[in-house]
Amino acid sequence: MGRSDEEMIGNEKISPRQFKFLVILCYIGTSILVTPGNVASVTKQDAWIATILGVLIGLLLVWLYNSLGNNFSNMTLVEYSEKLLGKWIGKLISLLFILFLFINCSTLVYILGNFITTQIMPETPVQFTNIIFVIVIIMGTRLGLESFARATEILYPCVIGLFIILILSLCKDIEIQNIQPVFEFGIKPIIRGSLLYVSYSSLTLIALMMIFPAYVNNMKEAKKSFLKGTLTGGIIIFIVTLLSILVLGHDITARNVFPVYILAKKIHIGNFIERIEPIISVLWFITMFFKTIIYFYGATLGLAQILKLKDYKSLTLSLGMILVVLSLVVYPNTAYADTWNTTTWVPFVLTYGFFLPLLLLLVGKVRKSRREKN
Amino acid sequence: MKFINKLFETKNKHTKTNKNNQLESMNVLKSLKSNLSENIKFIKTAIGESSDIVIRELRAGEDGKTKIGIIYIDGLVDKALIQDSILRTLMLDIRKVRVESTISSKKKFFETLRDFVLPEGDMKEIQDFECLFTHLLSGDTIILIDGYAQGFAASSRGWEDRGVTEPNSQTVVRGPKDSFSETLRTNTALLRRKIKDTNLWIETKPIGRKTKTDVAIAYINGIANDKIVEEVRKRLNRIDIDGILGGGYIEELIQDETYTPFPTVYNTERPDAIAAGLLEGRIAILVDGTPFVLLVPALFVHFLQSPEDYHQRFDISTLIRILRYVSFFIALLTPSIYIAVTTFHHEMIPTLLLLSIAAQREGVPFPAVVEALIMEITFEILREAGVRMPRPVGAAISIVGALVLGEAAVQAGVVSPIMVIVVSITAISSFVFPAYNMAIAVRILRFIFMMLGATFGLYGIVLGLIAMVLHLCSLRSFGISYMTPMAPFNWNDQKDAIFRFPQWSMFYRPRLISQKDMIRQQNPKVEKPKPPQ
Amino acid sequence: MWSILGILTVAIGITLYEVPSILEKNFKKELWVFSSLLLFGVVLSIIESLNIDIPTPLDWLAVIYKPFTDLIFGVLE
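Residue numbers (the working numbering), protein chains in the order written: chain W, 1095 to 1468; chain X, 11 to 543; chain V, 74 to 150.
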């Protein structure tokens, strides 16, 4: 067993294993809930092929992030862009990045709040669901990276456990013909579907560049964990999408916002274990929680680093308040959310998830070769 | 001794106006006088007219010219020992020694007494009043000799003690049944009986300005982590309080975080549990006057382990441990899940049960959460009353509690029967914990979860659990993360966390506590016991 | 009305909780940033609780990114 434990007193770093769990939870955060519906609406019954393609693209992206991480082993993305691009341009780009993180964070809170108030507890006003969610996020951020990284080691097995229960209970409802005909509409829809899928799974991993590689032990293991995490996340999403198509058929999958919830509703064991979908939804609470806290932590830490503050903790409460309001405001309604998520969101996240690291990598290479020439 | 002087000197700067410390400040400056009567007068003034102090003056030597004073506190000393070893020697046996011939050199008389004459096991020389009073009040006999500015403190402790009895709190079916008592020396002896290793080091220091309680740190040098030992010493030295009356005082003063319901210091009455902890590299803190010994660092898994686990086979121990973890969640979450499910998530209950519950709750005027709160608070009151009530009344009250409150409340329609079941299961589960302080944490958190369940249903409970996990993961016990070995995860340590693997497979000590001397058993390659061929 | 009071109470609570620890460490910059963010948050919350429409930043982003959106989805159509 590799040396994946933390040091004892006074450590600021997390272990590669904890980082791997963070990667997985960030990857499947939203995608485990929305991927089947979102992708199937474009690719119909070939959605599972799109997820395979998406994972491969994701691994390439992580390879890009790893190469970028090579250039700075103890700085976060924000600090590095400032160092590389100079004070003003660097700070500007970092600020835009932080805004990206923050806005994305508020959409995550919206999605969870929306899910709760439409599916599980319709009587509760959405403000309160969001408020207590943000309170726990603030608490986790204030307790520090090591704390919520350690929490993943306890909560990730719960996620996997619930996932396995979901899969196993539905195995008997599989109808193979739901997958057919394969490749009915050709490759183009599959590419579009996989692009959508990548946009909210792998591209969103850029937020982890605020943690990797600055706060992770053992650079080599950390890079491997990044890849391993992405692969594991991809497998999970693949299974969920495949199952959704096999059990529900592509029509129902495509029509619903949360088809996986419908999957959970179908669990029926014996005569008394039925309608236990609130328990399965615990899975989504946990994954959404960690994705949100990674984004919130990234935004708060980034802001503190731009402004050269000594401690990011003092910002958490005020930013949390803004987060709550933004989450209520950001999507006026579900239809708007749907449209925006399938159109503007893609280039938006591409800018920060692909072009930004590419830019930093290229500028870094140019600078290095210039320095070597001198 | 110098340390005590320094401690008192620095205190004098802060407590100039405190009259009580005037005497103590005088002590530092005053060393013993040569004149016996002056010394005795000073002692009488200092201790007031306390009736339990005995001052005996006698004359020793061949012609009875040397005056010697014996001072002790009645009740703290073993009087037979004083009579036999000290008084008899000084009054009778010393006549056989030619004292006058050695009196030419003053020092020699003193040394003669010390080395030659007094058959006392533990003797210390004292030169000032501070030392004198410390020894006197601990039960030692003071021997002062006229003409010498030094004296002896002979150990003669012997007070009424409870003796080594059965432990009251952590009882086991199989295993040693001795428990610590209130005397520090008895306790350290019990530890030494368990661990006969030269590396078991015991350091004692008095803590508490007025009580001067002896507090001892025990650890096995070479296994225990030096940094933690140093940390424990540092924190104990930092304590500046009037009195230490029990382990709980020390626990609160040295623990890492104050604002958490979860305990970070383990305490037990059983020597075998402490000895096992020492062998793992942890450090024991023994406090004079209480049978509960503290053990640090203490992690979450330790509070759900019982010494019994090691005295029974591994299969039943593993299952019972898993049962304890299940009980943890039952005790924590049952009322809140009941409230959440009946208020928000009716669809989760199987239909037949749902109808039954609905019928029961028909006649109850309160919503589920109020009902639950009433029952829980009533049960807490019953529990507290059960601890405090005098024995003759005990049986009657428990009958009243169980029958009257439970049954009658249901009959009256104040609560529903299923609520009584829920509360009883919760209460019984909370007694499963071997460690009382963890049970307290669960009792407090239960109410928070009830509130969350009532307002936000299952969503609130899950958020509460996530918040609790985050909180637990942020705790540290003396520098070690509280949730080790679950987070950060360690494969080897899993053998003794939730499961208990057989003894022959536990090769290494827990990793994060002690980094040295990892091997418990000689040969890791030793296979399990084989039957004879 | 009540919601505004509630928001102000929360803001005061946050201030009481956070400011002493900032002040004792003498972080001037933190104090400024904290106060301005808190003020912004309070203002936003009050506007939101009065049910006045706040423009969503996503609208602006949609406008900025329009050419790219058309490009990407045109290629893949």
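Worth flagging that the hints you see were computed from the coordinates, not collected in a lab. Please note that a few of the clues may not be correct.
Pairs of lysine to aspartate or glutamate residues, derived as EDC-like cross-links and limited to a Cα-Cα distance of at most 20 Å, are as follows [as the list claims (entries may be wrong)]:
{"#": "1", "chain 1": "V", "residue 1": "K98", "chain 2": "W", "residue 2": "D1405"}
{"#": "2", "chain 1": "V", "residue 1": "K139", "chain 2": "W", "residue 2": "D1432"}
{"#": "3", "chain 1": "V", "residue 1": "K102", "chain 2": "W", "residue 2": "D1432"}
{"#": "4", "chain 1": "X", "residue 1": "K40", "chain 2": "X", "residue 2": "D103"}
{"#": "5", "chain 1": "W", "residue 1": "K1282", "chain 2": "V", "residue 2": "D143"}
{"#": "6", "chain 1": "W", "residue 1": "K1407", "chain 2": "V", "residue 2": "D143"}
Computed footprint of chain W on chain X, listed as stretches where at least three residues anywhere in the stretch have a Cβ under 8 Å from a Cβ of chain W [to be verified]:
{"#": "7", "segment": "85 to 93"}
{"#": "8", "segment": "247 to 253"}
{"#": "9", "segment": "350 to 364"}
Pulled a few chain V residues facing chain W out of the computed Cβ check, cut under 10 Å [unchecked claim]:
{"#": "10", "residue": "W75"}
{"#": "11", "residue": "K102"}
{"#": "12", "residue": "L123"}
{"#": "13", "residue": "K139"}
C-beta atoms are modelled at their ideal positions from N, C-alpha and C, and glycine is treated no differently.
Going down the list of hints, with the structure as the test:
no.: 1; hint: K98(V) / D1405(W); verdict: 11 Å, holds
no.: 2; hint: K139(V) / D1432(W); verdict: 16 Å, holds
no.: 3; hint: K102(V) / D1432(W); verdict: 40 Å, violated
no.: 4; hint: K40(X) / D103(X); verdict: 33 Å, violated
no.: 5; hint: K1282(W) / D143(V); verdict: 16 Å, holds
no.: 6; hint: K1407(W) / D143(V); verdict: 41 Å, violated
no.: 7; hint: 85 to 93; verdict: violated (count 0)
no.: 8; hint: 247 to 253; verdict: violated (count 0)
no.: 9; hint: 350 to 364; verdict: holds (count 5)
no.: 10; hint: W75; verdict: 13 Å, violated
no.: 11; hint: K102; verdict: 6 Å, holds
no.: 12; hint: L123; verdict: 12 Å, violated
no.: 13; hint: K139; verdict: 8 Å, holds
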